[in-house]
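Asks: Sequence:
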Amino acid sequence: MELALANVQGMTAIAVGLILGMGALGTAIGFGLLGGRFLEGAARQPEMVPMLQVKMFIVAGLLDAVTMIGVGLALFFTFANPFLGVITG
Numbered sequence: 001m002e003l004a005l006a007n008v009q010g011m012t013a014i015a016v017g018l019i020l021g022m023g024a025l026g027t028a029i030g031f032g033l034l035g036g037r038f039l040e041g042a043a044r045q046p047e048m049v050p051m052l053q054v055k056m057f058i059v060a061g062l063l064d065a066v067t068m069i070g071v072g073l074a075l076f077f078t079f080a081n082p083f084l085g086v087i088t089g
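Numbering of the sequence shown is given in this note's numbering, commencing with residue 1 and proceeding in unit increments.
No lab work stands behind these hints: they were computed from the structure. Glycine residues also receive a C-beta, built at the ideal position from the N, C-alpha and C atoms. Heads up, some of the hints might be wrong.
[To be verified] Label-pair ranges, simulated between beta-carbon atoms: (1) A6 / V49: 32 to 42 Å; (2) G17 / G61: 35 to 45 Å; (3) A6 / V54: 48 to 58 Å; (4) A4 / V49: 29 to 39 Å; (5) M11 / A65: 45 to 55 Å; (6) V49 / I29: 16 to 26 Å.
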């Protein structure tokens, strides 16, 4: 019983680390692509910068929202792990 409990807790810690790490990596790559494309568009058509900037900030907010969903899932698995109920119940 204790071994199964330790295995679930260990695997949950690994899963939480992967969720947070991959979320951060995806967001960083997304922001890099977003910023690069924004600068390319601003260099090509400087008169479009205000409209492009608004759209860039909207997409940046959506990118952050995806990461925050991952943080929420990681916190859920850390503090209210549903897999522990199967073992202890």
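Asks: Note whether the CB distance of G17 and G61 lies within 35 to 45 Å or breaks it.
Replies: 26 Å, violated
Asks: Please check whether A6 and V54 have a Cβ separation lying inside 48 to 58 Å.
Replies: Hint holds: Cβ distance 51 Å, inside 48 to 58 Å.
Asks: Assuming the hint says 16 to 26 Å, is it satisfied by the Cβ distance from V49 to I29 or not?
Replies: 24 Å, holds
Asks: Taking the Cβ atom of A6 and the Cβ atom of V49, is their distance within the range 32 to 42 Å?
Replies: 55 Å, violated
Asks: Tell me if the beta carbons of M11 and A65 are separated by a distance inside 45 to 55 Å.
Replies: 27 Å, violated
Asks: Look at the Cβ atoms of A4 and V49 and judge whether their distance stays inside 29 to 39 Å.
Replies: 58 Å Cβ-Cβ, so the 29 to 39 Å window is violated.
Of the numbered hints given earlier, the model fails hints 1, 2, 4 and 5; all others are met.
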